[in-house]
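Student: Line order of the protein sequences matches chains F and Z.
Note that UniProt numbering has the first sequence beginning at 1, numbered continuously upward.
Note that UniProt numbering has the second sequence beginning at 1, numbered continuously upward.
Hints in this document: simulated from the structure, not taken from any laboratory.
No false leads were slipped in.
Computed spacing ranges between beta-carbons, pair by pair:
# : chain 1 : residue 1 : chain 2 : residue 2 : range
1 : F       : G78       : Z       : E110      : 46 to 56 angstroms
2 : Z       : N178      : F       : A57       : 49 to 59 angstroms
3 : F       : A52       : Z       : R97       : 25 to 35 angstroms
4 : Z       : D106      : F       : P54       : 36 to 46 angstroms
5 : Z       : Q154      : F       : P54       : 39 to 49 angstroms
Think about it this way: if two alpha-carbon atoms lie no more than 27 angstroms apart in a straight line, the pair counts; the simulated DSS-like pairs of lysine-lysine are:
#  : chain 1 : residue 1 : chain 2 : residue 2
6  : F       : K72       : F       : K59
7  : Z       : K328      : Z       : K227
8  : F       : K72       : Z       : K227
9  : Z       : K328      : F       : K72
10 : Z       : K328      : Z       : K222
Only part of the chain F face toward chain Z is listed, based on derived beta-carbon distances under 8 angstroms:
#  : residue
11 : C42
12 : H43
13 : T79
14 : Y88
Quantities reported herein were computed from a predicted structural model and do not represent experimental measurements.
Beta carbons: idealized from backbone N, C-alpha and C, even for Gly.
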Amino acid sequence: MRYRPFSLAVLGASLLAPAHAAGVAQPGDLRAFVLAASCAACHGPDGHSPGAIPSLAGKSARFIEFAMQEYKSGASAGTVMNRIARGYSDDEIRLIAARLGRREEVR
Amino acid sequence: MALSRRALLRSGAAVALGWLGAGGRVARAAGTQARVVIVGGGFGGATCARYLRQLDPSVEVTLIEREPRYLSCPLSNLVLVGERTLDAQAHGYGGLRALGVRVLFDTVTEIDPVARRVRTAGGTQLDCDRLVLAPGIELRFDAIAGYDAAAAQQLPHAWHAGEQTLLLQRQLAAMPDNGVVLISVPAEPYRCPPGPYERASLIADWMRTQRPRGKLLILDAKDSFTKQALFQSAWQTLYPGLIEWVRGSDGGAVERVDAAARTLYPGFGFNEHRGDVVNVIPPQRAGAIAQRADLSDASGWCPVDQLSFESLRHAGVYVIGDAAIAGKMPKSAFSANSQAKVCAAALLCALHGQALPEPSYANTCYSLVARHYGISVSAVYRLQQGRIEPVAGAGGTSPLEAPSAVRAQEAAYAEGWYASIMADSFG
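Using the sequences and the hints, build the whole thing.
Tutor: Right, dumping it as structure tokens:
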């Protein structure tokens, strides 16, 4: 058996990876990590903001993607988020949301 | 299955299976760990150490830092005017240790960038597979005639948080009623581009009530500066007539100082300026150890592959943060934190023989124009033709016209950002 040298299982140890991450290895994991890692500088590690900036922890992937798109289009008015959201493609926003967001699973 | 796989990868057994050596780029005996040594425990170094350990706990990460207590620069302008204590700027390294980072408090005296060997004043010698330097800046005491380390005891720079911050704070507190404050600002690149103007703003905010007959003069080597329209419009509203900005071509570029006389001399043909409190922010270059390690070029900064932050001068050695030449990214805590994450991913790819992912970088710089008046500039960056460039159509500054509630919110976010980035960088 051969391991993908870089598997999501490895990345699963990351604070940024939500609890569901210990799953199937997928290509582009590191790409999603690098994209989403930028968010932590303001929103805190693992989306847990200790200060005035809203936390992302516990938000669903669908919510994060929707909010980013609203900022990108200007439908929502933020402070810095409109300027930041315009820097990402729709695919990149999906990757970020999937990485940071809670997956809506059937319980 | 996934869990047992992860457990296996965490253990040395994974190395024995060969995955660490998959690309053949790191030769080491089976069963040993990949070793990364990071020199410098500021925002760049700490973030890199933290993310390396989070992404791959099998990597042995050693961080060497001189001071057991890190004093951060962001928000330190509030310390100058008594709105914040220096202790509030202090952070320890317990969070990194908890993640398994070996933290060594020592001074690096010698780096062999070819052998990737580090020696410290304490007599430790460390060899590693990959070496990361995050040495920050060195203030140039050879750039302005008369401005050396001794002169900085009279005309503080306060561009490293600590004693210098407290010295400038004491000088301000002792300033006479009609005192004149001078701030000398260098040409770019330098650490924290909006920092001098935030400093001028917060000092003016304090003077407005404490020294209302005083004046503040900014002598700038540049002809324009970041968030200029926002700063200047706020100055006009909040501190009319208090702050005067002199641009480089009008005699703002200071060439010589007389420390004893607290006087700054611009070039030929321009008047000198005498102040009661004189803050000289001198030109800068990469931290001294980067220069001794042959990682800087004639500019004084370190050229790197902007995809990975690997030095263009020595393979296997990486430079991140203020010391690195990182395209259009400003030298800021946020940039260093962002670069450190891209670098951590690149380090793991190098150690595991993987192709690098397409990078993504970001920066946001908040500035306080008054205690409850914040403005920001932000950008998302991509690699374009090997250079880090801002994404067109994105980023930019706060709007020039905005209600005070928006300014107050950005001021609150400035402190919120600080809380988040400290947690993200230091744990």
